[in-house]
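Residues per chain, in single letters:
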Amino acid sequence: MVVSTVLGSKRRQDNPHGHPKKKHRFAVGTTTEDNLPVTAHLFELQVDELLRDLEQQAKANVQKIMSLLKQLRDTIADLPGREPLHPREAESHLKKTSGICTPFANLPPKDAKYTLEFAKPSTINVVGSAASETLLSRDGQITADMVVVMPSRIFQEKDYRKYRYFHKKAYYTACLAAGLHSANLEGSSLAFAMQNGNPLQPCILVRQQDSDLTVVVRIICLPPLAVFPEDEILPWMNSLPENPIVSKTPFYNSTLRSEMLALKYLGLIHRINNESTSLRKATLLFSIWLRQRGLGADLLQGGFGTFEAQALMAMMLDSNSIEGMQAVFRTRYDPIQLFKATLIFLSTRDFASSPMLYNYSMNNSTQSSPSQPLQTGNRDIIDGTSACFFDGPRMHNLFFKTSPWSMVRLRRQAEITVKCLSSNDSNRFEHCFLSKVDNSMMRYDLVLRIDIDQFLSWAKIKDDPTEKCLNFGNNLYQTLKQALSDRVQEISFSFGESTSWDIKHLVPKPHKSFRINLVFDAHQVARLQDFGPSADDKDAAAAFRQFWGAKAELRRFKDGSIQETVIWDDQISEPVTTQIIQYALSRHHNDGKSVSIQELGSSFWKQLMQPKQSRTLAPFEDIFRAFQNLEKTIRELKMPLDIRQISPASPGLRYSMPNIDAAHGLQPLQIIIQFESSGQWPDDLSAIQQVKVAFLQKLGDLLNQQESSMQTRVGLGQSTNTPFCRPFLEVMSNTYCFHIAVYHDREFVLLKSKLAGSTEERRTIIPQILYYNQMFLRAPPHTQRVKDLCTQYPLLSQSIRLFKIWCLSHLLLPHFREEILELFVIYSFNPTSPYGVPSSLRTAFLRTISMLAKWDWHNTPLFVPLNDDTENNKLMHDLETHFHAWRKIDPSLSRVALIIGSTLDPTGTAWTEQTPSKMVAARLTSLAKITHSTIMKHDLTLDPNLLFTHSYKDYDFVLHLSPHIDKISAATNLQSAIQSYIHELERVFGEIVVWFYSSENTKFVAGLWNPLVQSRKWKVNLGYSSIPTVEDAGGSDSSEPAEITAKYNTHAMLNEMVRLGGDLVTRVAMKGED
Amino acid sequence: MSAEVEIPAKVSDYHVLPLRLPSHPAVHFEAMHYIYFKLHTPSVPTPESSRSLFLVNIPIDSTAIHLKHLFSKQIGLPAGRIVDVIFNETPTKKKTPPASAVLGKASKKRKRGSEEEAVLEVESTLPSTWDREIYTSGSSATIVFVDKASLDAAVKATRAFSTKGNKVTWGDGIANKTAKLGSHRYLAHASLTFPPRDSLLSAVNNYMTIFNANQDIAAKALARKRSMPDEDGFVTVTRGGRNAAARMEDAQESLERQKERQKGLNDFYRFQGREARKEKALELVKRFEEDKEKVKQMKARRKSFKA
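Chains as they are written, first to last, in the numbering used here: chain A, 41 to 1114; chain B, 309 to 615.
If you are wondering where the hints come from, they were derived from the structure by calculation, not from laboratory data. Computed from a predicted structure; not experimentally measured. Be aware that a few hints might be false.
What the hints assert, rightly or not - List of simulated lysine-lysine pairs, PhoX-like, C-alpha gap at most 25 Å:
hint	chain 1	residue 1	chain 2	residue 2
1	B	571	A	914
2	A	928	B	567
3	A	914	B	600
4	B	571	A	1087
5	A	914	B	376
6	B	464	A	928
7	B	475	B	533
8	A	792	B	567
9	B	472	B	488
10	A	476	B	602
11	A	914	B	456
12	A	928	B	485
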């Protein structure tokens, strides 16, 4: 069923001067029977399950809070009234009699001509999540809202101006608190807080500890209906006429209006809830979704919370707001469709730059004409202080708390989630609802801390804090947005948490510092120039100059154009973005004085990779030049057979080699060469190797003739067994070392035919097939694909290398085929992941680590899409099938521990058969977990060196290797000798010891005895050096012959290792010794 | 270590021979090694097996020189009684002669099976990349003596030697006779990995000459079989004739091609279409059930769905 709705054509007429609107098609679900997404059912079932859980929880929570709510209602209804008093007097009287401080946003003037008083409330009601049964607990706390409608007799019509209403409300709230305080409710404590972080809206929190659950009731005072003139309290009106700075007070007005409308919205939601069961469920989904993303109704959290989402959906579902108008959403949508449709709605429009007038018409007349007030309203709403979704029937900007930057953030999150929901990723559910994506280290590419004092002094704004603070924030945002332009995708601010405070204390001052969070655009962020308008365009050029000041200069470009330009310095250690922010802030917000900015958690990444390496793909250019040179030369040679293909097949040739210097010899660059097929090849494995040797020798000879600078020699691989001797040709080209191997497809058939042989034969053949498969069949396409991805995502190359460095420093690298590690990193570049594609090295690294920490490889395979093909779907299904088959035939995970499929490999085992073992895989997970928790614990003060430091205490023994030996002059030779030594150790003791070592610059090799075979009943073919030990069978049955066990002869084996290493080993450290 | 631990003299039907291992500056402890030996009794006896001794758990750096030295100089048998030492990589694997025996020599090893198979194997010819073999831990070796009497004498002497509590140090005094280990070994390996061009080419040429000769012989044998009826009067079909016998892979390929051709015909009859639809529906139901199961499992794994 395809559900699509066109966003009302009527509203297009409503908004003739607004931005041209496209038809928004809400393709909510495309589940025709033929084209059923493989994972669709699963996702729905998961959501159903989640909803069932949440609904149960919500219902139970409502039960838990009911008694407190009733108790409070009774207490409040019985509170005695207080005499009207002059504001200052009232405040001091209250302070004296009950010790309560009135939570004024700003002090009422001394010459105030009105009085504050407390009288019996007209209504007491439960609203919000408790009323609509969407009450969820959070951090072991449930919060329900209770509204107290203040009696109309304490207000006058003009109270909506000059903060008078808010002063009266604050006093009323304080009196309520005083009343509750004296009523002394059992087991509960009182505090003031700002509702949604809005200083104009103080409220009372009544907390009750209920074993492990904290029950909180938020008491909110609301104005009476129909006291204030509704037509005066609109976003484009001014309610603070004395204030010379602002011409209108949208925030002030909307705050008041939101209070006046609270009960109306409650009614609307209640009505729609009766019409559609989906609303409640979609609201639950929204509250989970928002919570996981750290978004909330609080101004400091962005000002878009569950209520806004719920009200928005209710409005869109409401079919009888205006006669003859169809609702945008249908009540028959199921919760997922409603959720998705709302997200699509939020993602397709920037409500800050193009406000939306929803069902707006003059005086609710049915015909809507482009009349004057509407235009005014329209333009006035776009004053940039907040996003705008103008609810026509109620004449209220629902998004008045949502600042422009918050809207961009919300929109980006919505976009990512919509992308994820529309994809067929089998982890959709986890991505959308289960993963927490609010950690700033993982989410933002750059976090800066700035002290507010530099820009705003508290004294200046204390009369009118809200509007001024908001204006300041918005100005700052606009400046940064203009300055950073397309370098960033998202700019947001965090101001810390809003707190509650004791009812006997004054309102706390706002936080002194705040954070600027940036999400980069990876393609643009390192750009050193900003191009402005052409010099011909006088106005634009002037504006550009005005913004950039002395930094702007006119430049003539190669194509003859003359443009305004700003050039940034790349010699300074600070990245371009920081320079820009410094400059823009000091120029526009601090009269040119320098601004102090603290950059958090980023300095380390610079140290980790040398700056030269960290920038781009440039360091690999030399390698590729050498490769192309070699390829060209080879193609020109006259070989007995024509060359069909020359394919690179190693990390160095796909931008993912951690240490590029190793390409000079220590880690040669693998190249696969395939000749045209010929009937002349012998049909025998050994003979094929001999022919390969001859071919390679011929190739080497010809290369030498053609290009005498290229040194060549034919080498034989590790195995001494001829059929598997793996001959290769070593070529030094432009100082890089290449290893060329010949691919002959007949070999694979011959190898496979041997699989039918005896078990012994199989045992020798299987690793050969594995090698053949990886080396000749898998590596070339993998190399090609990763190379392409590295050019597509500018950060991928560095991220892979950084992650490999992490594996290297934790001695894991030798246990993994490098291809797997690359796939891990590519996985975090998946556009459907909850954070989106990473745009800095740090975020990429942390997201990879966090994925590994969470991955339950026992029970789930990992699928890494390498393109956005629809084919992936089927592949993923295949992978699942393979996965279950593997787990069935190999339940002890002795052959395959990790199953990682990709677009190129639906089997999931191409790179993981035999290595890593279960134990090493578990080690990877635990190291990732430790790293992840370290990151979470230190947050922005993290010293990244910590993540790359490895402890050697846990190993059973460590062989320290000689750093220098007299006879060996070149370090390369020593390193290659050490590598050979370790490889031999792995061969000789591979069954007994799990080896850990760094594959680069190796100074020691550590080992863990395999615990599985440490002591066994003695028999002949144990495969390890043993000590025969007579086992004490115990006193009782000593008549039986004593059993002889074979223990590891650890000392003898260590002695053998050392003997083998000879002068390479300097010291053996056993566990527990130093 | 373990001088204090009591070591049984015999384990199952193997005798235990303790050896002291040489010291090394990097290790500060003494280590003992235990070789188990018995008379060689393979399941399929060979002419040599009656005069052979079977050793298990030999040190990884064992060489023929080491073992000869152990029995003659260290245990005290007269020299020259050992004719051959055969190392088995692991006790179950079939034997491979020591590397030195095959270096650079091309020899037709054996002609296995009857004429019907005519498979010929040629011995490895490429130069080894190591100057000396190292065996995996717990490997075994077979020592062939000149005659049964020498074997018995050896067993007796060795048993007497170990029960008396005498201990000898492994490889004591023959350090110069074997290739050195340590950096020397690995540097040698680095250069041996790249054999000289000429020896490599001559090895390949030798091999290919013999290989081709063998192929010729095989082809001739096949041709003979083709042309001569056997005693029942049948002519065997073999490869290489005018109507060559097909390869297995070709047969498979053509089978697949056949399947491919028939693919489009699945909905030829109405009942086929009906069945396909039914199957699809069943598949959907199955998948739905699978998914339900999966959700259940997932839920069980994380107890609650809450993040």
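#### Entry: Hint check, failures only
Checked against the structure, the hints that fail are numbers 2, 4, 5, 6, 7, 9, 11 and 12, while the rest are satisfied.
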